[in-house]
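Trainee: Each chain, written out:
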Amino acid sequence: MIRTIEELVISAEKRDCKISALVRELEAKSTGSTEEELFQRMRSYFEVMKEAANRGVAGEIRSISGITGGEGRKMWNAAGTALAGSTVAKAAARAMAVSNVNASMGKIVAAPTAGSCGILPGAVLTVGEKLSKSDDEIVDSLFTASAVGRIIALNATISGAEGGCQAECGAASAMAAAAVVELAGGSPRQAAHAVAMALKAVMGLVCDPVAGLVEVPCVKRNAMGAVEAILAADMAMAGIESVIPPDEVIIAMKEVGRMMPDRLKETAMGGVAVTPTGKRLSEKI
Amino acid sequence: MNLFDIIGPVMIGPSSSHTAGAVRLGNMARNILGEEPRRARIIVYNSFAKTGRGHGTDKALIAGLLGFAPDDERIKTSFEEAGKRGLVYELVAGEDDDSLHPNTALFALEGATRKTEVMGCSIGGGRVKITAVDGFEVDFSGEYPTIITVHRDRPGIVARVTTHLAEKGFNIARMRVSRKTKGEKALMIIETDEPLPEGIKEVLASIEDICRVLLILPV
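As you go down the protein sequences, you meet chains A and B in turn.
For the first sequence, position 40 matches number 40 in full-length UniProt numbering, and the numbering has no gaps at all.
For the second sequence, position 106 matches number 106 in full-length UniProt numbering, and the numbering has no gaps at all.
Mixed in with the good hints, there may be bad ones.
[Claimed, not checked] As a list, the in silico DMTMM-like pairs of lysine to aspartate or glutamate whose alpha-carbon atoms are at most 20 Å apart:
1) B:Lys50 with B:Glu90
2) B:Lys84 with B:Asp58
3) B:Lys115 with B:Glu184
4) A:Lys50 with B:Asp71
5) A:Lys50 with B:Glu191
6) A:Lys50 with B:Glu73
Since the hints were derived computationally from the structure, they do not count as laboratory data.
Please build the complete structure, drawing on both the sequences and the hints.
Mentor: Right, dumping it as structure tokens:
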């Protein structure tokens, strides 16, 4: 199993192939499944992602608690006039749409967690659409994303309770950044730089869910994460390099997570969770 | 760790620990009862009690008792489904207890012929751990095919069970025996990496001093 981003890049460069092709081949060898079986399984996950994104932009989906709902729909409707451009607006809309579905007890794919489940679909569905990519090509890019996520999980953490939001939404954003670079025809090296830039952007981000629920600020952070992934990919493909190599950024993220007090790691005892409004909402539920 | 541990599982939101994990706990409790539950009293502790409603933990626990998988869209309406199937349930918030995992549930279940009490916790990412069965301390995850035997605490019982398993070519990954009082009822938990061999339940149940055999398959 490939354990570092550097190894991932070098192996893909050596074979002159995409990261996704490399990891699918290696995964087939290590699990005993065929590459086709792995692809079909990823494809079925992709269908769940797409369905959730479509549901959340088509209608106003309210959460069980009633605190959030409809953000994906609102952003989708405003995409045509968005100052940041329609790609950014649609990625944000889809990310929040999936997150809305999650908070409403709908079906989603943890990527890597339920709390961060909107980021990857938001980014890859929107970039895929913009570049007229086929569903199969988007499914391929998910293998690249999961390989990146696994390296982060192996060397740091993807759990908000252990590492804060930088670990959950940060990992999702880094995964999405690598997937977007691949979708857009960038190199494995550029994907690695995008991973590093995406993770650095949210280093230290706390996990501070109001009332302990995956809603505030999670739904909107999913939007930010998807957009950040696309920008990190654009930066990398413009030739901008991360001064700090991605593997070192991952270790730094882990260390920051360790230094963070528990109050800022999914306990709802810090950040926006303990603001007067956060507390009031918490008491109401 | 395989790639689908990172992208995946497909699940009903909003929380892998408070929703998907809660469904799996309900499923495990149902499997340990070994028949359709008719009555259930569930005590939820700590974070499960405090943030459970907003996470749909209550619905998820009942959905699990009904045998729904973590990606079943009926989780959201599990209370109505329980009504249709004649499951009478009661959900109670327990006193805060620091000695328990933050996401703990205690199930007291009754089926047509049996009763059982199962305690378990949701340890993150949808993974769960069963910590007590009928007052016996246990520790298993349900991620692997698992055999549970209830037997009389007599010398040689473990040897007889493992001999039968070896004859079936069955490799034990993890095993634990627990009892409350010497010479009385005891519990054996056996986990494996492989599928359980056919007919294993009947073979083990025929062993002297074994009162009951349960097979728990991964949910």
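Trainee: Quickly compare the C-alpha distance for Lys50 of chain A and Glu73 of chain B to 20 Å and report which way the hint goes.
Mentor: holds (16 Å)
Trainee: With the threshold set at 20 Å, check whether the alpha-carbon distance from Lys50 of chain B to Glu90 of chain B stays at or below it.
Mentor: At roughly 17 Å apart (the allowed maximum being 20 Å), Glu90 of chain B and Lys50 of chain B satisfy the hint.
Trainee: Lys84 of chain B and Asp58 of chain B: Cα distance at most 20 Å?
Mentor: Holds: Lys84 of chain B and Asp58 of chain B sit about 17 Å apart, inside 20 Å.
Trainee: Mind checking the alpha carbons of Lys50 of chain A and Glu191 of chain B for me, to see if they're no more than 20 Å apart?
Mentor: Not OK: Lys50 of chain A and Glu191 of chain B at ~37 Å, beyond 20 Å, violated.
Trainee: Does the structure keep Lys50 of chain A and Asp71 of chain B at a Cα separation of 20 Å or less?
Mentor: With a Cα-Cα distance of about 16 Å, the restraint between Lys50 of chain A and Asp71 of chain B holds, given a limit of 20 Å.
Trainee: Within a Cα-Cα threshold of 20 Å, do Lys115 of chain B and Glu184 of chain B meet the stated pairing?
Mentor: holds (19 Å)
In this structure, the one hint that does not hold is number 5.
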